[in-house]
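A.B. asks: The chain contents come next:
Number of protein chains: 2
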Amino acid sequence: MTTYNLSFAGSGRVAGSLCRNLFRAGNRIRQIVSPDRKEGMLLARDCQASWSPDLEFDNPNDVIIVAVPDHELSGVLSAMKCHEASIVAHTAGSFGLDVFPERIRKKGVFYPLQTFSKGRDTDLRDLPFILESSQPGTGELLKSLAESVGGKPYFINEENRRMLHLAAVFVNNFSNFMLTAGKEITMRAGASFELLFPLIKETFSKALENGPENSQTGPAVRNDRNTIEKHMDLLSFSPELQNIYREVSESIITYYNNRNL
Amino acid sequence: MTTYNLSFAGSGRVAGSLCRNLFRAGNRIRQIVSPDRKEGMLLARDCQASWSPDLEFDNPNDVIIVAVPDHELSGVLSAMKCHEASIVAHTAGSFGLDVFPERIRKKGVFYPLQTFSKGRDTDLRDLPFILESSQPGTGELLKSLAESVGGKPYFINEENRRMLHLAAVFVNNFSNFMLTAGKEITMRAGASFELLFPLIKETFSKALENGPENSQTGPAVRNDRNTIEKHMDLLSFSPELQNIYREVSESIITYYNNRNL
Chain Y
1 MTTYNLSFAG
11 SGRVAGSLCR
21 NLFRAGNRIR
31 QIVSPDRKEG
41 MLLARDCQAS
51 WSPDLEFDNP
61 NDVIIVAVPD
71 HELSGVLSAM
81 KCHEASIVAH
91 TAGSFGLDVF
101 PERIRKKGVF
111 YPLQTFSKGR
121 DTDLRDLPFI
131 LESSQPGTGE
141 LLKSLAESVG
151 GKPYFINEEN
161 RRMLHLAAVF
171 VNNFSNFMLT
181 AGKEITMRAG
191 ASFELLFPLI
201 KETFSKALEN
211 GPENSQTGPA
221 VRNDRNTIEK
231 HMDLLSFSPE
241 LQNIYREVSE
251 SIITYYNNRN
261 L
Chain U
1 MTTYNLSFAG
11 SGRVAGSLCR
21 NLFRAGNRIR
31 QIVSPDRKEG
41 MLLARDCQAS
51 WSPDLEFDNP
61 NDVIIVAVPD
71 HELSGVLSAM
81 KCHEASIVAH
91 TAGSFGLDVF
101 PERIRKKGVF
111 YPLQTFSKGR
121 DTDLRDLPFI
131 LESSQPGTGE
141 LLKSLAESVG
151 GKPYFINEEN
161 RRMLHLAAVF
171 VNNFSNFMLT
181 AGKEITMRAG
191 ASFELLFPLI
201 KETFSKALEN
211 GPENSQTGPA
221 VRNDRNTIEK
231 HMDLLSFSPE
241 LQNIYREVSE
251 SIITYYNNRN
261 L
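These protein sequence lines are chains Y and U, in that order.
With the first letter of the first sequence counted as 1, position 258 gets the number 258 in our numbering; the numbers rise by one all the way through.
With the first letter of the second sequence counted as 1, position 40 gets the number 40 in our numbering; the numbers rise by one all the way through.
If you're looking for bench data, these hints aren't it; they were derived computationally from the structure.
Honestly, I wouldn't trust all of these hints.
Identical copies carry no separate label here, and so any pair may be met within one copy or between two of them.
DSBU-like mimics (lysine-lysine), calculated; alpha carbons at most 35 Å apart, straight line [said to hold, decoys possible]:
1) K118 / K230
2) K201 / K118
3) K230 / K152
4) K201 / K81
5) K183 / K81
6) K106 / K201
7) K81 / K38
8) K183 / K106
9) K118 / K143
10) K106 / K143
Please construct the entire structure, taking both the sequences and the accompanying hints into account.
C.D. replies: Below, the structure is given as structure tokens:
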């Protein structure tokens, strides 16, 4: 298997997980560039790389993976200095190739469709990597990188990748917040969140097996206004939770009304 | 282990799962009463019971479990005829003991904190059963029934049980709908929902391990208005999804603003 010289801009959750996995897959990690000295040096040490706060990449054979917060991406790409033979790829699902400055010729998107956590070793096997590139050679290389960590590469254009990133917000960010809301309410009932674990596990395994659209239960899908009103009363301690309850319930009612037409 | 004579009012998802599990645990199932002849007879056959559409239970030693849709519960309890020595328990998380008519003396709540599906054999081991009863003997019996299928019994009063039921709506009904929304958007990106499976699995295992309130990522928790606006534009095809996106994002922003105070 071909291995590569890699460098990273960033040492956060995404950079850390990708870098460690790519290192374990046999790639050489050369430079970690990040403003966070502690995280950057830790990651560099783990992957036998060097750390620096300066966005200068000197090896023309490197693939530079830019995994930084979305709002810093454009600034980092503009500020970084690298050889024009280097391939530069960012990991942001909601940005395209147009975020790169003109002078970077070999550019790509290397977007792992996953949620990453600090201190959590995320398994990348079978993980979809959504790829885009400015030219075939770059694309092949990104594909090979994704495969080296057991991932599944997909070439998907910018518009559809942005949609996938949005879908990820719903299934990850929003469903996670529903669990947070459920935990708050459970604690208000004087009970432990663990009481809900079997329900949560079944919710997700059922949705994946039967499709979430076929797994919907509860007062909203039955349009049971009586129970919905009682729940709204119970939520009087939190206008925010009431807003969510109302909006999501109305959406469920509308969705299943239209579906049954 | 003590076993019981059981009868059921209802033959739907909850009744079917409880009845089959209680039968397998060694209890005798006598009568299945339900208006649905096909489902009722099928369940009766599986559990060596008789089926009837008439709400008459003649054995004084029976425990009668009433597992019917919420909006039918009060009507079924009023209409049913049974010996006053029989114990009657309903399975509805959002109803209390006051839904029973006066003449039923031994009454209880036997609420399994789970989502049940037709044709899906739900595992009841370690499942919390939220119990309430009108007198100690009844409570002991319901506890023993829950334990016979491997469940974990909890005596929780009506107010807190209603809260738990509401929490279940958030973690099950609402998070499931977020997956449905994500699936719709994924299909709009021309991609298969399966691309999101690793993300969905990680979302839930992370939330259970680290707590959902510590697992929140995405544009809303960062208060990244730029990405939120871009997502709202992408959702212009669906005012309902826009409403959910706006409301849930605002709730996440508010929640984490307050938390950081």
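A.B. asks: If a hint holds in the structure, say so; if it does not, say that too.
C.D. replies: Going through the hints against the structure:
1. K118 / K230: between (40 Å within a copy, 27 Å between copies)
2. K201 / K118: Both. Shortest intra-copy (23 Å) and inter-copy (17 Å) distances satisfy the 35 Å Cα cut-off.
3. K230 / K152: Cα proximity of K230 and K152: across copies only (27 Å, versus 46 Å in one copy).
4. K201 / K81: Close neither inside one copy (47 Å) nor across copies (38 Å); limit 35 Å.
5. K183 / K81: neither (47 Å within a copy, 40 Å between copies)
6. K106 / K201: between (43 Å within a copy, 34 Å between copies)
7. K81 / K38: within (23 Å within a copy, 73 Å between copies)
8. K183 / K106: Cα proximity of K183 and K106: across copies only (33 Å, versus 47 Å in one copy).
9. K118 / K143: within (25 Å within a copy, 42 Å between copies)
10. K106 / K143: Answer is within: at 15 Å inside a copy they meet the 35 Å cutoff, but 67 Å across does not.
Checked against the numbered hints listed earlier, the structure breaks hints 4, 5; every other hint is satisfied.
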